[in-house]
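Undergrad: What follows is each chain in one-letter form.
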Amino acid sequence: MASKISVYSVPDLKNTSDDALPNYLTSLKFKQSHIYTDVRLALGYTAVVISGVLFYADWKLGWDKTKFWTLWAVLAYFAINTALTYWIWFVENGITFVGERNGVKLVISTSTKKHDPIYNVTARYTVKDGSKFVEKEVKAKAPFTRWFTADGYFVAKPFQQFLASEISAIGEADPSNVVEEIGRGSSHEGGAKDIDAQLYKLAGFVDQQGQGGSKVRRRG
Amino acid sequence: MLSSLGITSTRSLLTQVLNFALVLSSAFMLWKALSVAADSPSPIVVVLSGSMEPAFERGDLLFLWNRAPDTRVGDIVVYNVRGKDIPIVHRVVRRFGGGATPLRLLTKGDNNAADDTELYAPGQNYLDREKDVIGSVVGYVPMVGYVTILLSEYPWLKKAMLGIMGLTVVLQRE
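Each protein sequence line maps, in turn, to chains U and Z. So the first sequence is numbered by UniProt numbering: it starts at 1 and just counts up by one. So the second sequence is numbered by UniProt numbering: it starts at 1 and just counts up by one.
Next up, chain U with everything else stripped away, as it sits in the complex:
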């Protein structure tokens, strides 16, 4: 990831991070499964093939001969398109990685909100509990500033540390990147608020010096 991106573009930040995610996890010997992408591609290309065949038939045979089949092709096309939309919105729902390592299944979805430079990560994975595996879900978020330099370069190390520290399934695979939270550069509260949090901490610090009175919400 040597390419430079605009740090003011949330989609750029998200896409670069999303691309880095499978790279990192497969390097930890997570075996990546492409099942969601493959279903999406299969649905999408089926629809495209239907319309391609109809286009060719229409061009070769004309309207009168293809009229009957056009109706069915149109119905099939829009049915598949609806299924595809449903799949992307409700089944995939932002899934960027599906993988498995030593019996631990890991599914990671990521999202961003418009104009909000926070990377939201939801990890669902199985944890070994005695002899059987139980499902676990972890939500974590961090501002993109944590792994992007001011001039728009992605830095892998803090990104990996964020994932390994927040998601125990990754932490177990990569213990060297698990770092203890010291309340700097990361936030459980959110980006702009992150600065607030630090200010509050500072205020809290001042508070302890005995200038007291103000209500201080302690965070993270």
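Careful, some of the hints might be misleading.
Label-pair ranges, simulated between beta-carbon atoms [stated by the list, open to error]:
1) Z:58 with U:89: 38 to 48 Å
2) Z:72 with U:63: 45 to 55 Å
3) U:49 with Z:166: 11 to 21 Å
4) Z:157 with U:63: 21 to 31 Å
5) U:72 with Z:143: 31 to 41 Å
Below, simulated DSS-like cross-link-like pairs (lysine-lysine); rule was C-alpha separation at most 25 Å, straight line [as the list claims (entries may be wrong)]:
6) U:136 with U:31
7) U:113 with U:31
8) U:60 with Z:84
9) Z:158 with U:65
10) U:60 with Z:159
11) U:105 with U:67
12) U:60 with Z:108
13) U:29 with U:136
14) U:60 with Z:131
15) U:31 with U:132
16) Z:131 with U:65
17) U:4 with U:136
18) Z:131 with U:67
19) U:29 with U:139
20) U:4 with U:114
21) Z:159 with Z:108
22) U:105 with U:65
23) Z:159 with Z:131
24) U:157 with U:139
25) U:128 with U:29
26) U:105 with U:31
27) U:67 with Z:84
28) U:60 with U:105
29) U:132 with U:113
Hints listed in this document are in silico derivations from the structure and should not be mistaken for laboratory results. Virtual Cβ for every residue (Gly too), placed ideally from N, Cα, C.
Following the hints, complete the assembly by docking chain Z onto the known chain U.
TA: Below, chain Z alone, put in the same frame as chain U:
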């Protein structure tokens, strides 16, 4: 070059191509859906000549419907001349037959001095409602079709537009 577009694997290449293909195929299938609904091979046409002025002018967009039970004198129909694939928009001025025998129509442009017998294929002096007519005009939007007149009169514009559309879809990843 590909990696600069954010394409890192075969799957992401296929996904990008799919996004572009879906845009094109959706447009085509919407057109076909409209065709099926209106029962017409070309449910939207653009007026190419001034022969129907002042009712329609060059560049007007017409919506056609081909499920009307009957076509009467005074209706405006769009027909293709046999052997040529240019749709013509003219008004029905005579009708013959109908019922058990095929309905036959004679048309004329409002702005033309004579009826359309000159325009029809050699030896043809009426239109067959079933075979020749692709629909009756049921609605219109003035002028917006002028873009397509420009596109067909200057074919390089068409290529430029397709190219730009394609590039935008491939390059943006929002």
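Undergrad: What are the numbers of the hints the structure violates, in ascending order?
TA: 2, 7, 9, 11, 12, 17, 21, 22, 23, 28 and 29
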